[in-house]
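Participant: Below, each chain spelled out in residue letters.
Protein chains: 2
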Amino acid sequence: MSIKIDKKIKLQKLNDGFEISINEITVLRHTIEQPMLYVGYGEEKIDMYRGNFDIKDYVIERTALRYATVEESDDSTLIRFSKYPKGEESLIISIKEEQQRLKLEFDQKDKMINRIWLRAAADQDEKVYGCGEQLSYFNMRGKNFPLWTSEPGVGRNKTTYTTWQADVKDKAGGDYYNTNFPQPTYVSSKKYYCHVETTAYADFDFQNDSFHELQIWDIPKYVLFEAADSFVSLVEKITALFGRQPELPEWTYNGVWLGIQGGTDVVEEKLERALAKGVKVGGVWCQDWQGKRITSFGKRLMWNWRWNPEEYPNLDQKTKEWKEKGIRFLGYINPYVAIEGDLYKTASEKGYLALNEQGEDYLVDFGEFYCGVVDFTNPEAYEWYKEVIKDNLIDFGLDGWMADFGEYLPTDVVLKNGVSAKIMHNAWPAIWAKVNYEAVQESGKLGEVVYFMRAGYTGSQKYCTLLWAGDQSVNWSLDDGLASVIPAALSSGMIGCGLSHSDIGGYTSLHGNKRTKELFMRWAEMGAFTPVMRTHEGNRPDDCFQFDGDEETLEHFARMTNVYVKLAPYTKELVKMNAESGLPVQRPLFMHYEEDEKSYDIQYQYLYGSDLLVAPVYEEKKEKWSVYLPEDEWVHLWTGEEYNGGGVEVDVPLGYPAVFYRKNSVFAKLFKEVSTI
Amino acid sequence: MSIKIDKKIKLQKLNDGFEISINEITVLRHTIEQPMLYVGYGEEKIDMYRGNFDIKDYVIERTALRYATVEESDDSTLIRFSKYPKGEESLIISIKEEQQRLKLEFDQKDKMINRIWLRAAADQDEKVYGCGEQLSYFNMRGKNFPLWTSEPGVGRNKTTYTTWQADVKDKAGGDYYNTNFPQPTYVSSKKYYCHVETTAYADFDFQNDSFHELQIWDIPKYVLFEAADSFVSLVEKITALFGRQPELPEWTYNGVWLGIQGGTDVVEEKLERALAKGVKVGGVWCQDWQGKRITSFGKRLMWNWRWNPEEYPNLDQKTKEWKEKGIRFLGYINPYVAIEGDLYKTASEKGYLALNEQGEDYLVDFGEFYCGVVDFTNPEAYEWYKEVIKDNLIDFGLDGWMADFGEYLPTDVVLKNGVSAKIMHNAWPAIWAKVNYEAVQESGKLGEVVYFMRAGYTGSQKYCTLLWAGDQSVNWSLDDGLASVIPAALSSGMIGCGLSHSDIGGYTSLHGNKRTKELFMRWAEMGAFTPVMRTHEGNRPDDCFQFDGDEETLEHFARMTNVYVKLAPYTKELVKMNAESGLPVQRPLFMHYEEDEKSYDIQYQYLYGSDLLVAPVYEEKKEKWSVYLPEDEWVHLWTGEEYNGGGVEVDVPLGYPAVFYRKNSVFAKLFKEVSTI
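Protein sequence lines correspond, in order, to chains A and B. Residues 1 to 677 in UniProt numbering are what the first sequence spells out, letter by letter. Residues 1 to 677 in UniProt numbering are what the second sequence spells out, letter by letter.
Hints are computed from structural coordinates only; laboratory data are not their basis. Do not take every clue at face value.
Since the list gives no way to pick one copy over another, a pair counts as held whenever it fits inside one copy or between any two copies.
What the hints assert, rightly or not - Derived pair list, reagent style DSS-like, types lysine-lysine, alpha-carbon separation capped at 30 Å: (1) K190 <-> K45; (2) K169 <-> K622; (3) K323 <-> K390; (4) K318 <-> K111; (5) K45 <-> K158; (6) K158 <-> K96; (7) K56 <-> K169; (8) K109 <-> K237; (9) K672 <-> K7.
Let's have the full structure, built from the sequences with the hints guiding it.
Facilitator: Encoded structure:
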């Protein structure tokens with residue numbers, strides 16, 4: 001028997017089970033021997049230390065639901081799952097088509113269940129991408145990926161000394177899967193995506209040959225599968241579901257956003273020096289506009305979200321002056337309020353903060369200082385924080401900010417909406433994004449004001465105007481250095497966040513890592529081929545080589561900002577495409593070369609739009625760089641040399657990263673002009 | 001209803017389950033809500049690299065057997081366990097009394113089961129000991145303990161730099177539970193033991209308040225519980241079950257076994273120097289009697305088990321000369337044969353070696369050299385290896401040897417008896433012990449010849465004449481240095497191996513660790529209060545301070561050997577007691593002070609017999625040392641100062657470890673004499 005749920009979705013009965021396919025792709029297969037569903041219950045232990053989570057699970061029972069009966073009703077097909085023949089049903093799944101998507105809804109009958117393991121059918125050669133922003137593995141096949149927003153880790157690889165030190169000193173080393181932006185959504189090389197609608201802890205395991213096992217610590221609201229005929233069409237469908245980012249403000253394309261700290265005079269001085277050297281500047285970004293503090297970690301901010309006139313005298317005037325020159329001012333905010341500030345006082349008095357079990361304000365340790373957590377589940381607190389953003393940021397004259405954090409919601413916090421913080425934890429980054437989004441929208445400034453976030457979750461697609469790849473170490477490590485931001489952009493692009501960028505030069509200089517001149521230069525080169533160029537001084541500016549560290553760097557940097565500005569007409573097209581159809585700005589090679597098998601495993605090169613191929617140099621002291629080109633007519637940007645695909649090696653002196661354009665691009669003339677900069 | 005299985009063992013029916021007790025101690029409790037049994041199946045991945053195992057388990061199902069029916073038959077009580085009411089039975093347990101022990105036998109009905117989790121009833125305050133030789137935790141409550149014989153690890157603590165380096169370079173860092181000698185037997189502070197008869201991988205989890213969860217990757221042959229009125233009685237019962245070690249040879253008490261290498265002349269010279277300085281020597285122990293090789297790890301041996309006359313000219317004569325002086329010669333053997341040697345050739349030709357899946361000799365990488373595994377499941381190979389020991393070791397004149405290794409049986413080896421190597425892996429150390437035991441026994445030399453082992457498993461109690469605590473790092477670390485050998489002796493003593501000792505000075509000097517003079521001296525001090533004193537040059541002798549490193553050390557060392565020899569009449573009594581009743585020579589404080597609550601958590605002090613309390617100094621640069629004394633009349637060995645118990649602090653200059661004797665001891669006179677040495 002075969003039930004056509006709609007023309008794309010088909011349920012085929014098997015001897016002792018069934019198969020469900022979309023676009024002829026089998027996505028679910030169930031037999032008594034190989035059931036698609038396991039349920040059970042566990043007791044988790046979750047400890048947080050400064051955004052780093054130690055999560056252990058004791059699975060007490062995990063039982064296959066082998067016995068399934070399929071039953072058709074008016075608008076859906078019901079599948080009743082039991083543990084044993086003719087046993088009580090543990091779970092009922094209703095299957096239906098909704099806007100060409102296969103939708104699974106769950107009706108929990110066995111009340112003990114707090115874990116499910118759903119198996120999606122897989123092929124041995126299949127690859128999988130997405131799951132939010134993944135920094136170590138773009139193709140996730142062969143590993144499991146816990147999905148829980150957290151600090152991404154310092155080092156992120158247990159075999160590096162940096163990671164070990166970070167683990168021992170601060171429990172902060174992380175591992176390949178740690179990310180600020182997880183999302184229970186994967187994209188298969190078989191051209192379908194699967195999305196699990198849940199904010200519970202999840203762990204997607206792609207280690208098995210014949211199935212992907214999706215573990216969720218709750219019954220999900222629903223699960224979606226949708227297929228497409230091409231990857232371009234697939235990302236369009238994904239963003240039709242999750243939403244899309246608006247375009248970037250026009251002023252972005254004026255040049256780099258210079259990350260500077262230290263007060264009005266320092267900023268003015270550094271800016272003037274940069275401009276005098278020919279650096280194209282779109283904005284100055286001053287994290288410490290609201291004041292700073294010094295901790296053993298390095299320079300930290302005050303976390304009371306309003307202009308600090310002691311630190312930044314005349315800033316109210318300066319922002320106007322700079323704006324007239326085409327340079328916008330950007331600041332910083334996050335969803336916590338430091339106990340020393342007036343915002344904390346207000347929030348505490350009005351009951352806007354999340355509580356501990358004793359009913360007191362829950363204070364979170366952010367590393368030698370403490371903050372309250374604004375409880376966004378309290379509608380009044382939510383509205384209040386929007387007003388803080390409108391009044392203290394937008395109205396003051398900020399045209400952008402880093403909307404930092406969102407990953408730290410402790411799991412033992414008591415929230416106004418009464419929902420467990422274990423369920424709200426993953427939801428927090430997207431709620432935080434929405435607070436920003438609405439503040440900007442209600443100010444009528446969407447498309448004019450931009451905020452950038454590292455934390456994310458389902459919903460960030462619509463509510464976060466720009467991602468940044470978080471806090472890389474200032475080094476060359478694959479898992480936490482320059483290279484890691486490439487898979488980060490590619491993976492988030494696959495699930496609908498098509499605008500990404502990173503701290504030029506990286507951020508974290510702990511445990512002996514210091515940012516070298518060469519690292520800064522290579523990172524700046526890559527930044528010119530991303531939608532936004534932005535520098536960061538790092539957590540310990542004195543340990544980090546800066547853009548104005550010497551004349552040679554300043555000149556190199558000025559040239560790269562000129563490349564960025566020259567490319568702007570092309571970049572704008574890409575950003576527009578992302579806003580309209582969800583096609584990410586940075587794309588994996590297979591997005592446009594589906595037939596090229598090799599392209600599916602490339603994670604340190606990207607297509608910048610369809611017409612540029614960028615292979616950033618992510619190792620030090622390299623004079624030549626090996627690049628893989630899919631079959632096409634490619635022109636090496638800097639030399640004009642032509643290639644037809646395959647493995648090639650090109651010279652990569654500083655300032656000349658390996659970049660190629662398609663000979664037949666309508667932007668070929670522009671690219672030629674870039675090549676002469 | 002209450003079924004009395006015998007006068008000590010009682011099964012009490014509950015509303016929806018039952019309880020089983022021995023000596024009024026509830027050891028098993030089962031209800032529908034809190035079942036005592038979970039079953040399931042998993043797929044393990046086991047990778048070995050030089051004796052270090054990476055073991056992962058994917059548990060596919062784990063289901064409670066909630067429904068139990070109790071049924072009495074002629075000689076036992078049957079409990080039928082099912083997953084659901086009136087469902088098919090998955091497992092039947094027969095319960096009976098056998099020699100006052102509660103015995104559970106399993107009849108597997110569901111053939112898919114390859115994992116069981118058995119819960120023993122626990123109290124919150126209960127402590128647990130044993131599980132073989134545990135080096136980090138004597139009381140195991142609060143942690144889980146995988147039970148799989150392996151290299152113990154270099155560092156054994158993920159927060160130490162040594163461990164991290166060992167992990168990254170050689171996958172060899174280990175963790176708190178890694179041990180050469182695991183055993184699925186624990187002893188509860190409630191005065192019962194529980195033994196699981198299996199050689200499959202197991203993991204005993206003592207983290208829960210109300211139960212201990214015993215995970216076994218097979219259906220065990222049986223499970224035993226036995227209780228006693230005192231700990232002294234309990235260890236007697238344990239050793240009645242497992243067997244006991246014979247007494248040590250009389251010559252042991254002549255003095256230290258000097259670990260020397262380098263050939264006859266070097267040995268002679270070092271021995272003479274030691275004797276001239278007044279060192280009391282019972283034996284010279286020359287690992288390299290059969291030749292050596294140099295690897296990047298350090299000095300390694302040739303692994304072809306016969307006298308190497310190039311390395312040791314005249315050794316056949318020398319052993320006789322030394323014997324006349326009261327000094328015995330000890331060597332080295334292990335259960336592998338290096339491919340370069342004639343033993344390998346013989347074994348290979350006769351089919352005595354374990355095979356790979358292609359039917360070829362399985363070669364194991366021991367670190368830059370390869371060996372065959374003598375297949376002890378082949379009766380001919382077993383007998384042959386006994387002959388090697390008789391002919392090449394005993395008949396040649398060896399009176400003792402290190403019977404090294406036993407932990408490396410790869411899990412993909414093909415054995416003659418057809419049993420999976422995953423099941424034989426843990427069995428191997430005790431089989432290897434038995435090979436040695438029978439060779440010695442058949443030579444009529446039990447009690448005259450002694451061999452010492454680091455690897456062990458159930459059965460080592462009877463077949464291993466002496467334990468040594470394995471390869472400590474030459475440092476002060478708690479988990480892998482001097483201190484770690486104390487819990488090692490205490491835990492193995494609890495499960496019936498009452499004779500233990502360690503490499504004086506430790507062994508492993510990798511990753512920057514070098515043995516200091518002070519470490520050597522403190523270790524020698526402790527060694528004087530163990531049944532055997534033996535030195536080891538270490539894996540890199542040049543990085544290790546040696547007993548003859550300078551005059552001061554040699555004098556200190558001589559003095560400690562004199563203490564050891566002077567104590568011999570007392571030590572011999574203890575060793576005899578161990579042979580007769582299984583009461584270990586080194587004992588936890590609670591063995592004789594059951595009422596003292598504090599004594600249950602002390603793992604770095606021990607009672608040496610009932611009359612000496614030894615608190616070794618295991619930190620460097622200590623002039624004073626804090627000791628806990630249970631309530632009694634104690635005399636500080638070196639000063640004669642008297643104490644009545646509680647926390648005390650004493651001076652501990654080098655050569656004067658914190659040792660106390662019971663004022664009323666019948667050996668008080670002897671102890672006074674020792675104090676004057």
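Participant: If a hint holds in the structure, say so; if it does not, say that too.
Facilitator: Hints, verified against the model:
1. K190 <-> K45: Between. Shortest inter-copy distance 28 Å satisfies the 30 Å Cα cut-off; intra-copy 36 Å does not.
2. K169 <-> K622: between (33 Å within a copy, 27 Å between copies)
3. K323 <-> K390: Result: close within a single copy only, 19 Å intra versus 94 Å inter.
4. K318 <-> K111: Answer is neither: 61 Å inside a copy and 78 Å across each miss the 30 Å cutoff.
5. K45 <-> K158: Both ways: K45 and K158 sit 22 Å apart in one copy and 20 Å across, limit 30 Å.
6. K158 <-> K96: neither (44 Å within a copy, 50 Å between copies)
7. K56 <-> K169: Answer is both: 20 Å inside a copy and 27 Å across each meet the 30 Å cutoff.
8. K109 <-> K237: For K109 and K237, the Cα distance exceeds 30 Å both inside one copy (33 Å) and across copies (50 Å).
9. K672 <-> K7: neither (48 Å within a copy, 97 Å between copies)
Comparing the model with each earlier hint shows violations of hints 4, 6, 8 and 9; every other hint is respected.
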